[in-house]
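Visitor: Chains as they are written, first to last, in the working numbering: chain A, 3 to 151; chain B, 3 to 766.
The set of hints was computed from the structure by calculation and includes no laboratory data.
Treat the hints loosely; a few may be bogus.
Derived DEER-like restraints, expressed as beta-carbon distance ranges [as the list claims (entries may be wrong)]:
| hint | chain 1 | residue 1 | chain 2 | residue 2 | range |
| --- | --- | --- | --- | --- | --- |
| 1 | B | R538 | A | I92 | 51 to 57 Å |
| 2 | A | L88 | B | N714 | 23 to 29 Å |
| 3 | B | E264 | A | V95 | 43 to 49 Å |
| 4 | B | M754 | A | V74 | 20 to 26 Å |
| 5 | B | A48 | A | W107 | 39 to 45 Å |
Remember, predicted model here, so these are calculated numbers, not experimental data.
The beta-carbon is built from N, C-alpha and C at its ideal position, and this holds for glycine as well.
Listed below, chain by chain, are the residues.
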Amino acid sequence: MAKPKNISADSLILRTATLIVLPVQLVFSLFLLLRGHDQPGGGFIGGLVASGAFALYLYAYGVYALKQLLRVSPKDLLAIGLLLGLVATIPSVLVDQAFFTAQWWEISLGDNLIKLSTVLVFDIGVYLTVIGTLVTMFTAVAEAQLEES
Amino acid sequence: MIGLLLAIVLTACIAPVWTHSWRLPRALLALVPATGFLYCLNWWPAVASGNPVLQTLSWMPSIGLSLSFYIDGLSLLFLLLVTGIGSFIILYASSYLKGHQDEGRFFLWLFLFMASMLGLVASDNLLALFVFWELTSFTSYMLIGFNHESEKSRKLALQGLFITVGGGLLLMTGFIMLGSLTGTYQLSEIVQISISEQSHFINAMLVFILLGAFTKSAQFPFHFWLPNAMAAPTPVSAFLHSATMVKAGVFIMARLHPTLSEQSVWSTAQLWAGAATMLLGAWLAYMATDLKKVLAYSTVMALGTLTLLLGIGSEYALIGFVSYLLAHSLYKASLFMLAGGVDHSTGTKDLLQLQGLRATMPVTFGLIIVGALSLAGLPPLFGFIGKELLLEAGLGVDGWLIVVIVVAATLVVGVALTLIVKPFLGQPVTLPRPPHELPPAMLAGPVVLLTLSVLFGLAPALAEQGLVHAAVQSIAVSEQAVKLKLWHGVNTALLLSLLSLAAGAVLAFWWLRSRRVAQQLAKWSDRIGPESFYFRLMDSIAAFATWQTGAIQNGRLGIYMIVLLLATLAPVAWVLFDSVGFPGWTFELIPTVYECAMVTLMLLATAYAVRTRSRFASIISLGAMGFSVALLFVHFSAPDLGITQVLVETLTVLLLVIVLIRVPGFARFSSNAERLRDAAVALFAGFVLSWVVLAALPVQWAPTISEYFIANSYELGKGRNIVNVILVDFRALDTLGEIFVLAIAALGVYSMMKLRKGADHGKA
Numbered sequence: 003m004a005k006p007k008n009i010s011a012d013s014l015i016l017r018t019a020t021l022i023v024l025p026v027q028l029v030f031s032l033f034l035l036l037r038g039h040d041q042p043g044g045g046f047i048g049g050l051v052a053s054g055a056f057a058l059y060l061y062a063y064g065v066y067a068l069k070q071l072l073r074v075s076p077k078d079l080l081a082i083g084l085l086l087g088l089v090a091t092i093p094s095v096l097v098d099q100a101f102f103t104a105q106w107w108e109i110s111l112g113d114n115l116i117k118l119s120t121v122l123v124f125d126i127g128v129y130l131t132v133i134g135t136l137v138t139m140f141t142a143v144a145e146a147q148l149e150e151s
Numbered sequence: 003m004i005g006l007l008l009a010i011v012l013t014a015c016i017a018p019v020w021t022h023s024w025r026l027p028r029a030l031l032a033l034v035p036a037t038g039f040l041y042c043l044n045w046w047p048a049v050a051s052g053n054p055v056l057q058t059l060s061w062m063p064s065i066g067l068s069l070s071f072y073i074d075g076l077s078l079l080f081l082l083l084v085t086g087i088g089s090f091i092i093l094y095a096s097s098y099l100k101g102h103q104d105e106g107r108f109f110l111w112l113f114l115f116m117a118s119m120l121g122l123v124a125s126d127n128l129l130a131l132f133v134f135w136e137l138t139s140f141t142s143y144m145l146i147g148f149n150h151e152s153e154k155s156r157k158l159a160l161q162g163l164f165i166t167v168g169g170g171l172l173l174m175t176g177f178i179m180l181g182s183l184t185g186t187y188q189l190s191e192i193v194q195i196s197i198s199e200q201s202h203f204i205n206a207m208l209v210f211i212l213l214g215a216f217t218k219s220a221q222f223p224f225h226f227w228l229p230n231a232m233a234a235p236t237p238v239s240a241f242l243h244s245a246t247m248v249k250a251g252v253f254i255m256a257r258l259h260p261t262l263s264e265q266s267v268w269s270t271a272q273l274w275a276g277a278a279t280m281l282l283g284a285w286l287a288y289m290a291t292d293l294k295k296v297l298a299y300s301t302v303m304a305l306g307t308l309t310l311l312l313g314i315g316s317e318y319a320l321i322g323f324v325s326y327l328l329a330h331s332l333y334k335a336s337l338f339m340l341a342g343g344v345d346h347s348t349g350t351k352d353l354l355q356l357q358g359l360r361a362t363m364p365v366t367f368g369l370i371i372v373g374a375l376s377l378a379g380l381p382p383l384f385g386f387i388g389k390e391l392l393l394e395a396g397l398g399v400d401g402w403l404i405v406v407i408v409v410a411a412t413l414v415v416g417v418a419l420t421l422i423v424k425p426f427l428g429q430p431v432t433l434p435r436p437p438h439e440l441p442p443a444m445l446a447g448p449v450v451l452l453t454l455s456v457l458f459g460l461a462p463a464l465a466e467q468g469l470v471h472a473a474v475q476s477i478a479v480s481e482q483a484v485k486l487k488l489w490h491g492v493n494t495a496l497l498l499s500l501l502s503l504a505a506g507a508v509l510a511f512w513w514l515r516s517r518r519v520a521q522q523l524a525k526w527s528d529r530i531g532p533e534s535f536y537f538r539l540m541d542s543i544a545a546f547a548t549w550q551t552g553a554i555q556n557g558r559l560g561i562y563m564i565v566l567l568l569a570t571l572a573p574v575a576w577v578l579f580d581s582v583g584f585p586g587w588t589f590e591l592i593p594t595v596y597e598c599a600m601v602t603l604m605l606l607a608t609a610y611a612v613r614t615r616s617r618f619a620s621i622i623s624l625g626a627m628g629f630s631v632a633l634l635f636v637h638f639s640a641p642d643l644g645i646t647q648v649l650v651e652t653l654t655v656l657l658l659v660i661v662l663i664r665v666p667g668f669a670r671f672s673s674n675a676e677r678l679r680d681a682a683v684a685l686f687a688g689f690v691l692s693w694v695v696l697a698a699l700p701v702q703w704a705p706t707i708s709e710y711f712i713a714n715s716y717e718l719g720k721g722r723n724i725v726n727v728i729l730v731d732f733r734a735l736d737t738l739g740e741i742f743v744l745a746i747a748a749l750g751v752y753s754m755m756k757l758r759k760g761a762d763h764g765k766a
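Between the sequences and the hints, there should be enough to build the whole structure, so can you do that?
Guide: Laid out in structure tokens, this is it:
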């Protein structure tokens, strides 16, 4: 049986470059996610950057390799993202404030003040949902292409 | 009350596990409604002494929706009927459905139905009542369609659902009108108000509420769904279609009686619909030969009678209403259970076949005699009192009404006697199954309920002092003295009653001989009756949908785009043209070099995308167009938007490339005329959108919200990036909605790709 034709560029340059770019891009997406509250960035943009990284990997190595790399199903990412989004709504109800009011906890770690909040949880939820959405779409389409060939 | 509802819902949830996994005796489930019955009895002393119970739990205060319960005489009567009869139904079903594979599902829906019915009758809030009302429609749909493998059963369940839910929509409209008219949605306050003024608004409201009630309570011309709902297993018929669900419509009419009875539209409509339904129901009951259908039509007759009594609205009529309701619930539930038992035992419910069961089913025979005589209205049964009051009330109105009542009563007597004579007397014959006496679990209900029928008949004070009196007070506008008596002395009503008995006996004697005529008439009425209209309506809806789908969604994406664009933008264009006008240039129109360069870039990219023959090139040039927009964002200092635009554009191009990579180059499918049409639509869309933007710019209703965000972003949101603070804090609920939309879109793509026809080798 012939090996199914993958959507991959079969280009050594792209493959090698991807291995270098992918981790950088992922770290950058996290950076964007975390700094988003004060400077340009945020969960949505971060999620898009990370999805771009995965799309690049898909182009370079094909859909099966991407699935192996991810380990979790992109649909699960989607579900976890939505769940985090919902979880972020709950604490405000517990302290008897209006639904979805942001809650902040500030922790000092040495000299740094770390601001934790339900907003952050929510933003991470958005981040994961965006990744889940795009990667689900990419892999679904790519797999359908493979099956037809 | 809320505890009672929760207990029943909880029972519903564990019922499947109870029957399937734990394999505990089903009959024990009946203890839950039985406990509920005792619990409801607790309210009796308070309610009987004229103090309704009011319990409130705030739910959605912003739209005036609260979960509050108002238990007065009428509610309590229904609560007791639902829990009391419900207990016996569960007991009966535990035996009737023994060994059925879907037993668990059955109990699940039956308990859920019970909970919604209890909520309906006890609800104080009109909106909550409506929610429970719809729940009864829905749960009964699941119950009627219980034998979902039979197409007929599915179809008839759907019919019941369509009719009751269609009526429900009208009812909701009526409720909202009533709420805005009285200024409150609390029934406890509404019943204190009597609306006497006249207006078109009020008339429309009355019609909406009445149609809701009529559809639910199977009044003419909506009567046909009720007998069809007999597709359900017998316990369901006995519960839903004798004692509970179909009485919901009557309940709501009685509930609103103090408020609306001054309206002539209200009472006249009830009078006519009630009389027509009563007569038609009695006639069809006499015509039918299927045991369950006979009972179903006699239920239609009873519902008509109840509506009629409300329409008359006199003192006698209201007392008659409550007595008749109680009497009917007692005997009809029993008769249904017994009829189902006969079917269960012999394998047929065709009255033409059944004969000579007297010897093999003696207890059932005895009980049927009592039930049928109560149906016929013979002393000393409680049904007799109901019938006396009906005749008495009818005598107070026009002459034609008393004729209708007597004719209907005669037919019912004929039906009742046939129920006793035909299946049980005569020579035993061979039946699909050898008949046997019913097990105790199936007889318990009829025994107790019919005993009550006799008891209330012999000592009407028992029923009157507690239930009937309190219930009449909650329907009546003013205080009513209620005195139920078995013996009224020789009067016109008694003579008419006797007349109907005698004539009914003759009808029963003729029953067998009239069957050929009956079948002929049935065929004829199938063709022109309201039910044929229903089927034609359904067919034409389906035909219209087919035509419309073929016209608009014909599989060509180009057409979809045109329909979408025109449908959205044509109304917008109309408003712009008609009332806004061209706003003119409200800003400096001297572009910088950067802006000129970017616009040129965009125009070039667009032109190339339109002209090129290569898919790839057109995708890329669309991408170039998107990137230029991103540049614009950056130029006007919106870095977040710029970044987002760049990323979205990148990913869109990537996605398009994957999708289109193996599609051949553009072939020219469309003619020149079609291309011109497409170009015209595209130009039109672009023009309208530009116009909207221009028109929107100078509009300034309120201070811009952006100032609030700028001022409070750090104060309240603890973030300096306003865009992000808006997304995840100020407008987080919107974002939550949006990510759900994203997820749905992803699942949509996934299922289109994976679950297509023929893609069965795909891994889900």
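Visitor: Is 39 to 45 Å right for how far apart the beta carbons of B/A48 and A/W107 are?
Guide: violated, 51 Å
Visitor: For the pair B/M754 and A/V74, does the Cβ-Cβ distance stay inside 20 to 26 Å?
Guide: With Cβ atoms ~22 Å apart, the hint holds.
Visitor: Just tell me: holds or violated, for the beta carbon distance of B/E264 and A/V95 against 43 to 49 Å?
Guide: With a Cβ separation near 47 Å, B/E264 and A/V95 satisfy 43 to 49 Å, so the hint holds.
Visitor: With respect to the beta-carbon atoms only, verify the hint that A/L88 and B/N714 lie 23 to 29 Å apart.
Guide: holds, 25 Å
Visitor: Could you see if the CB distance from B/R538 to A/I92 stays within 51 to 57 Å?
Guide: Holds: the Cβ-Cβ distance is about 52 Å, inside 51 to 57 Å.
Going down the numbered hints, you'll see the structure goes against just number 5.
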